[in-house]
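Colleague: Sequence:
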Amino acid sequence: MPFLISHPAEAAPAISRVDGDMLLIGRGTNAGLRLDDPTVALEHAQIEHDPAGYKLTDLGSETGTYLNGKKVESATYLKEGDTVGVGGSQIKVHSRSAADLLGLEVRPVVVAEKAEAAPVRAPVVDYAGAYALRRPFLTKGSLALLLTLAAAGAVAALPFGKVWRAFQPGAISDKHQKKDVGCFKCHAPWKGPAAASCGASECHPREDHQPRQAVNPDCSDCHFEHRGQKKLTAVSDATCIACHGDLKVKGGGAPAFARSITVFPEGHANFSVTLAGGGRLPIADAASRQADPSSIKLNHAYHLKPGLLGPKGRETLDCEDCHRPGAGPTGMMPVSYEQHCQRCHRLTFDDRRRDVEARHGEPRDVYLDLVAIYQTDEGRMGTQRARRRAIIRGSGSDQGLNVRASVKAQVAEAESHLYRSACVTCHVVDMNRQPYPWVARAQTQGEWLPFSNFDHQDHLEKESKGLTCETCHARARASTATADVLLPGIESCGGCHGRGEPPGNAERRLASNDCQDCHGYHPKKKERKG
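Going by this note's numbering, the first residue of the sequence shown is number 1, and it counts up by one from there.
One should not assume that every hint holds.
[Stated by the list, open to error] Computed beta-carbon distance windows for the label pairs: (1) Ala440 x Gly279: 18 to 28 angstroms; (2) Gly251 x Ala276: 22 to 32 angstroms; (3) Ala276 x Thr233: 28 to 38 angstroms.
Keep in mind that the hints were calculated from the coordinates and are not lab data.
All residues carry an ideal CB built from backbone N, CA and C; glycine is no exception.
Please take these sequences and the hints and turn them into a complete structure.
Modeller: Here it is as structure tokens:
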């Protein structure tokens with residue numbers, strides 16, 4: 001349906017025709033009705049034809065579209081005689097019916113002439129009197145000067161009366177209040193605290209974060225005093241990110257630690273483990289390479305299998321049966337043979353002495369114990385303890401005194417049974433070594449993440465209710481090789497300490513994800529709970 005557009009107010013009135021069912025009104029070159037007016041948007045409004053008539057719509061203009069003086073809030077149908085206001089133009093609508101073409105008369109808005117402004121009358125000023133030399137002493141200016149001098153004198157007198165709080169921007173931290181630290185112990189007059197002041201005498205010995213860091217910040221760059229904090233060591237994440245968001249090191253090269261950390265866990269690199277030799281590997285690489293150096297043969301999948309045959313019949317073990325919180329580098333007790341393994345793995349060596357077990361120790365000591373057990377010269381050697389003492393104190397030979405060939409044969413048979421059946425289950429054994437069999441010492445990785453403040457005990461307290469070992473160490477149940485690295489990745493920690501919801505229970509959020517929850521700035525070990 002065509003649109004007929006006329007401009008009767010122009011010097012040479014003209015009528016133009018625009019074909020189509022939609023007419024765009026605006027300042028842009030693509031507008032069917034173009035209005036050269038800075039108050040009109042490039043695409044200001046549109047008139048669209050449908051079976052019901054012609055519909056006017058504002059296209060989100062800043063100055064708005066008006067129909068009969070009211071702003072158009074939604075699409076509105078036009079009728080004969082309506083007036084559309086767009087910028088500085090008024091558009092008169094002519095339409096006999098919905099099926100007829102639409103005529104539009106475009107005229108500029110007539111602005112009424114402003115009324116003549118009233119004349120401005122200036123007051124008469126006595127300039128000679130205003131600038132006279134003779135003036136009273138107590139004027140506003142002199143009083144302001146006197147008050148300023150009095151205030152400055154009062155402030156200058158405060159140090160002589162040792163009223164230091166007047167110069168403090170806020171309360172100092174609890175620790176400094178208890179130690180009654182004076183201002184001049186940390187500050188030079190009218191200057192901020194220097195790092196040398198914090199590290200003076202016995203207070204805070206200076207320790208750099210890392211020798212290679214490009215910038216070694218002062219203490220006060222991270223620890224803000226005069227804020228009434230209970231702990232001055234509470235450092236915000238923004239302070240850490242100021243360096244670690246784009247970490248720089250001396251001499252170029254890559255830093256040893258993550259260099260682009262912004263938020264946990266999304267903007268944090270995955271964990272890297274420290275190997276026994278001091279090297280570091282991303283945890284995913286360590287797991288894929290089976291980098292655990294432990295010498296003990298341990299099959300987690302077998303030990304966690306339901307219905308395992310134990311000393312008292314069928315039973316099902318849990319991780320907590322061997323891994324228990326206590327004194328240790330990560331808040332866990334070291335696994336020991338006597339406390340965790342002996343109940344199932346007994347060191348029996350003779351079917352005739354099922355209740356007697358060999359000691360869990362060095363092969364030489366095991367040999368001497370077996371000699372003492374099989375020695376039959378009771379009259380000469382006395383009790384077993386006395387026999388063993390006599391053997392150890394013998395003529396320099398571990399064979400001891402009066403060890404007959406028959407006893408040696410029994411000892412050799414007992415050693416073969418012990419090392420080939422019991423010891424070899426968990427250790428690497430070499431029976432060909434002389435003079436005693438060789439057993440590989442138990443070596444386990446005590447701490448994989450030495451640069452973190454992680455402590456298992458913190459995660460087993462009541463606010464951590466619902467966590468189990470397998471919540472984090474999910475791969476343990478399927479692990480069959482000792483070399484498997486079973487540490488959790490960043491995805492396990494992010495469920496509770498990051499932005500996402502914790503696994504299983506949305507109410508089990510453990511703590512904030514502050515950097516200092518897991519990291520310490522100064523290189524010192526955290527004291528573990530015993």
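Colleague: Are the hints correct? Go through all of them and say.
Modeller: Do the hints match the structure? See the list:
no.: 1; hint: Ala440 x Gly279: 18 to 28 angstroms; in the structure: 22 angstroms, holds
no.: 2; hint: Gly251 x Ala276: 22 to 32 angstroms; in the structure: 28 angstroms, holds
no.: 3; hint: Ala276 x Thr233: 28 to 38 angstroms; in the structure: 32 angstroms, holds
Checked against the numbered hints above, the structure breaks none of them.
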